[in-house]
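K.L.:
Take the sequences, apply the hints, and build the full model.
Those sequence lines, one after another, are chains A and B. Under the working numbering, the letters of the first sequence match residues 186 to 526, in that order. Under the working numbering, the letters of the second sequence match residues 8 to 179, in that order.
Calculated from the structure, these hints are not laboratory results. We put the beta carbon where it would ideally sit given N, CA and C, even for glycine. Treat each hint with caution, since some may be false.
[Said to hold, decoys possible] The following label-pair restraints were derived from C-beta to C-beta distances:
id: 1; chain 1: A; residue 1: 226; chain 2: B; residue 2: 77; range: 31 to 39 Å
id: 2; chain 1: A; residue 1: 251; chain 2: B; residue 2: 84; range: 50 to 58 Å
id: 3; chain 1: A; residue 1: 331; chain 2: B; residue 2: 164; range: 56 to 64 Å
id: 4; chain 1: B; residue 1: 45; chain 2: A; residue 2: 458; range: 20 to 28 Å
id: 5; chain 1: B; residue 1: 169; chain 2: A; residue 2: 252; range: 54 to 62 Å
id: 6; chain 1: A; residue 1: 458; chain 2: B; residue 2: 38; range: 47 to 55 Å
id: 7; chain 1: A; residue 1: 258; chain 2: B; residue 2: 81; range: 53 to 61 Å
id: 8; chain 1: B; residue 1: 53; chain 2: A; residue 2: 222; range: 27 to 35 Å
id: 9; chain 1: B; residue 1: 35; chain 2: A; residue 2: 255; range: 14 to 22 Å
id: 10; chain 1: A; residue 1: 253; chain 2: B; residue 2: 70; range: 39 to 47 Å
id: 11; chain 1: B; residue 1: 142; chain 2: A; residue 2: 255; range: 30 to 38 Å
id: 12; chain 1: A; residue 1: 248; chain 2: B; residue 2: 45; range: 44 to 52 Å
id: 13; chain 1: B; residue 1: 40; chain 2: A; residue 2: 331; range: 39 to 47 Å
id: 14; chain 1: B; residue 1: 45; chain 2: A; residue 2: 247; range: 18 to 26 Å
[Unchecked claim] To spell it out: a stretch of chain B is covered by chain A in this simulated footprint if at least three of its residues, at any positions, have a beta carbon under 8 Å from a beta carbon of chain A; those stretches are:
id: 15; stretch: 46–53
id: 16; stretch: 150–158
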Amino acid sequence: MSPAVREVLVWFVKASLIYGGLLGTAAVMTLAERKVSAWMQYRIGPNRVGPWGLLQPIADLIKFLCKEEMIPDGANRLLFRAAPLLAAMPAMLTVAVIPFGGAVKIGGVTTNLSVTDLDIGALYVLAIGGLGVYGVILGGWSSNSKYSLLGGLRASAQMVSYELSLILAILAVVAVSGSLDLRAIVEGQRTLGEWNVFAQPLAFLLFTIASFAETNRHPFDFAECEPELVGGFHTEYSSMRFALFFLGEYCAMIVMASLNTTLFFGGPSVPFAPEAHWALGLAAFALKTAFFLFLFLWVRWTLPRFRFDQLMKLGWKVMLPAALANLFLTGGAVALGVDLW
Amino acid sequence: MIVRRKELSLAERVYLPEIARGLALTFGKLFAKKMTRQYPEQPLPTDEVTRGQPRLVVKEDGHVACVSCGLCEAACPAYAITIDGGETDRPIEREPVRFEIDMLRCILCGFCEEACPKDAIFMSDELELADTSRAALLYDLDKLKRPKSALQRRIDYVYRINQRWRKPSSTS
Numbered sequence: 186m187s188p189a190v191r192e193v194l195v196w197f198v199k200a201s202l203i204y205g206g207l208l209g210t211a212a213v214m215t216l217a218e219r220k221v222s223a224w225m226q227y228r229i230g231p232n233r234v235g236p237w238g239l240l241q242p243i244a245d246l247i248k249f250l251c252k253e254e255m256i257p258d259g260a261n262r263l264l265f266r267a268a269p270l271l272a273a274m275p276a277m278l279t280v281a282v283i284p285f286g287g288a289v290k291i292g293g294v295t296t297n298l299s300v301t302d303l304d305i306g307a308l309y310v311l312a313i314g315g316l317g318v319y320g321v322i323l324g325g326w327s328s329n330s331k332y333s334l335l336g337g338l339r340a341s342a343q344m345v346s347y348e349l350s351l352i353l354a355i356l357a358v359v360a361v362s363g364s365l366d367l368r369a370i371v372e373g374q375r376t377l378g379e380w381n382v383f384a385q386p387l388a389f390l391l392f393t394i395a396s397f398a399e400t401n402r403h404p405f406d407f408a409e410c411e412p413e414l415v416g417g418f419h420t421e422y423s424s425m426r427f428a429l430f431f432l433g434e435y436c437a438m439i440v441m442a443s444l445n446t447t448l449f450f451g452g453p454s455v456p457f458a459p460e461a462h463w464a465l466g467l468a469a470f471a472l473k474t475a476f477f478l479f480l481f482l483w484v485r486w487t488l489p490r491f492r493f494d495q496l497m498k499l500g501w502k503v504m505l506p507a508a509l510a511n512l513f514l515t516g517g518a519v520a521l522g523v524d525l526w
Numbered sequence: 008m009i010v011r012r013k014e015l016s017l018a019e020r021v022y023l024p025e026i027a028r029g030l031a032l033t034f035g036k037l038f039a040k041k042m043t044r045q046y047p048e049q050p051l052p053t054d055e056v057t058r059g060q061p062r063l064v065v066k067e068d069g070h071v072a073c074v075s076c077g078l079c080e081a082a083c084p085a086y087a088i089t090i091d092g093g094e095t096d097r098p099i100e101r102e103p104v105r106f107e108i109d110m111l112r113c114i115l116c117g118f119c120e121e122a123c124p125k126d127a128i129f130m131s132d133e134l135e136l137a138d139t140s141r142a143a144l145l146y147d148l149d150k151l152k153r154p155k156s157a158l159q160r161r162i163d164y165v166y167r168i169n170q171r172w173r174k175p176s177s178t179s
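P.N.:
Written as structure tokens, this is what we have:
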């Protein structure tokens with residue numbers, strides 16, 4: 186086998202595995218969401234389909250695929266059909282640059298555990314991730330429904346506001362690490378003491394809060410906001426297109442959780458064992474990401490929804506100044522050569 | 008009423024400690040005892056006071072206690088009961104040839120039980136009522152018959168609460 190063919194083959198296997206993993210995790214998350222919400226409300230949750238309800242996502246998928254699809258009168262049919270795809274795609278694209286693990290050697294092939302390593306990985310994540318708002322606003326606008334439109338408007342206003350804080354929080358980490366390459370950022374935090382969460386606790390906090398707003402999750406789920414807007418931007422959607430919005434939301438959650446792991450918790454770094462085997466590193470990455478995914482669910486069933494003006498106030502008057510101050514201090518420290526940790 | 012807002016402490020205004028407190032609370036609930044009843048496997052517990060669907064008592068001699076007097080039919084506020092009486096050679100002389108209760112009409116009020124002078128109809132503890140057609144829910148004699156032993160708990164209960172009005176000799 187020529188090296189070029191082998192490289193393509195390796196790349197293909199990696200991409201299939203990582204996307205399969207992403208979609209599989211998203212499926213598990215739909216079940217986890219229902220299970221965790223049930224447990225927190227003294228309930229049991231889905232337990233009829235398969236042992237412990239494990240086949241529930243498959244049953245849901247079959248149901249979604251079989252359902253009739255409706256397009257409301259007066260809807261912009263092209264945009265209405267395209268919006269769910271636009272909502273689901275960005276999260277699936279951004280997962281490409283997440284470094285899940287270091288070099289792996291299987292059968293004489295050595296490769297890094299990520300679809301690709303971009304020099305500007307952090308920038309790529311932000312650029313593509315920012316496109317997610319298009320799916321939401323187009324879905325809301327093209328439905329020809331006031332609830333959808335209001336939901337889409339709110340969601341886009343919120344996502345744009347919080348994206349600023351998100352970017353500024355990531356920028357502080359980039360300043361500390363001195364690189365936009367996510368792999369370089371990970372390699373800068375091999376041991377527990379080097380994890381960015383200790384050098385940048387404020388950035389971590391801001392990033393976590395902003396990631397909730399970016400993925401339209403509680404307590405910032407104004408895009409849906411059931412009591413006020415029926416279903417928000419996806420009120421008029423049905424069948425698999427409806428499911429695609431949720432697939433996008435769950436994928437975005439997974440990407441945000443793995444990004445949080447990558448930027449602040451050393452990605453695949455195993456505490457107290459910097460030279461651990463790559464499988465252990467992958468397990469560490471999965472565990473850290475699972476915690477942040479659980480945090481999404483945990484917060485959802487704990488906090489009440491914000492009011493929209495409170496959300497904007499928090500975004501512009503608290504998060505943004507805090508993120509700017511953090512970036513200013515970090516930048517100053519880096520420029521003056523002060524060791525932050 | 009004037010609602011006075013409580014002055015918030017600094018920790019409450021910063022919001023984060025309160026979020027941590029809330030998260031701790033919900034995390035504890037994760038392991039709390041579950042309230043769910045797994046319905047078909049764990050049916051609702053019934054009691055002697057449970058007023059389920061009416062059923063006809065079949066006495067030890069194998070005949071229904073009903074003499075088709077029509078009092079339950081008259082008492083029924085939902086017109087769910089239809090009775091056609093017929094003659095029999097037994098000493099009681101009358102028995103129902105048709106006794107139908109439309110379960111879709113029955114409101115489980117128990118008036119038939121109260122009206123019956125012969126202790127022939129009682130509210131059972133059978134609560135589940137589901138079928139695929141209206142015709143299947145029109146219960147005839149065969150579907151309504153229950154041995155007396157199956158209804159004994161309810162019969163005893165009705166006797167007990169009716170003691171003050173019942174003449175000692177009137178029991179059948």
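K.L.:
Hint by hint, note whether the structure agrees.
P.N.:
Each hint, compared with the structure:
1. A:226 to B:77: 31 to 39 Å: Taking Cβ atoms as reference, residue 226 (chain A) and residue 77 (chain B) lie about 51 Å apart, which means the hint is violated.
2. A:251 to B:84: 50 to 58 Å: violated, 44 Å
3. A:331 to B:164: 56 to 64 Å: Holds: the Cβ-Cβ distance is about 57 Å, inside 56 to 64 Å.
4. B:45 to A:458: 20 to 28 Å: Since residue 45 (chain B) and residue 458 (chain A) have Cβ atoms about 44 Å apart, the given range 20 to 28 Å is violated.
5. B:169 to A:252: 54 to 62 Å: At roughly 55 Å between Cβ atoms, residue 252 (chain A) and residue 169 (chain B) fall inside 54 to 62 Å, so the hint holds.
6. A:458 to B:38: 47 to 55 Å: violated, 31 Å
7. A:258 to B:81: 53 to 61 Å: Given about 55 Å between the Cβ atoms, the range holds.
8. B:53 to A:222: 27 to 35 Å: holds, 32 Å
9. B:35 to A:255: 14 to 22 Å: With Cβ atoms ~43 Å apart, the hint is violated.
10. A:253 to B:70: 39 to 47 Å: violated, 56 Å
11. B:142 to A:255: 30 to 38 Å: Once the Cβ atoms are compared, 35 Å apart, the range 30 to 38 Å for residue 255 (chain A) and residue 142 (chain B) holds.
12. A:248 to B:45: 44 to 52 Å: Distance hint for residue 248 (chain A), residue 45 (chain B) is violated at roughly 22 Å.
13. B:40 to A:331: 39 to 47 Å: holds, 44 Å
14. B:45 to A:247: 18 to 26 Å: holds, 24 Å
15. 46–53: It is violated, with 0 qualifying residues against the three required.
16. 150–158: That given contact is violated, which follows from only 0 residues of the stretch 150–158 of chain B lying within Cβ reach (below 8 Å) of chain A.
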